[in-house]
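> Sequence:
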Amino acid sequence: MPTKVNYEDVDAVGGGLHFLRDELDCENLGVSVLECEPGWTGKPHDHAEDGQEEVYVLVEGGATVTVGGEDVAMAPGDALRIDPDERRRIENGDAESTFVLAGAP
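The sequence shown lines up with residues 1 to 105 when you count with our numbering.
Hints in this document: simulated from the structure, not taken from any laboratory. Treat the hints loosely; a few may be bogus.
When the alpha-carbon atoms are kept at most 25 Å apart in a straight line, the in silico DMTMM-like pairs for lysine to aspartate or glutamate are as follows [unchecked claim]: (1) K4 x D22; (2) K43 x D94; (3) K43 x E54; (4) K4 x E27.
Let the sequences and hints guide you as you build the complete structure.
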């Protein structure tokens with residue numbers, strides 16, 4: 001049976017991060033919506049311990065994702081795959097941005 005949820009109905013953590021995995025009853029796939037204020041910078045992190053690769057899709061706005069020390073400029077519609085052991089950090093631009101983040105082992 002399909003499961004449906006609107007991300008705006010899920011309480012955000014850390015400001016604008018809506019975790020949807022539990023709400024959608026996903027077993028392996030994690031999916032989140034990240035709403036970034038202008039100038040917001042995320043926490044550098046990796047997923048080496050849990051083996052989770054991620055895909056970041058920028059839906060609107062503009063941002064830079066630093067992956068393994070390399071800056072990757074993102075424009076609306078861009079998708080970026082990141083290996084689990086690569087350290088990553090999002091730096092938002094001058095306007096609000098929205099990302100869809102997906103990850104799975």
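> Going through the numbered hints above, which ones does this structure break? Give me the numbers in ascending order.
Violated: none.
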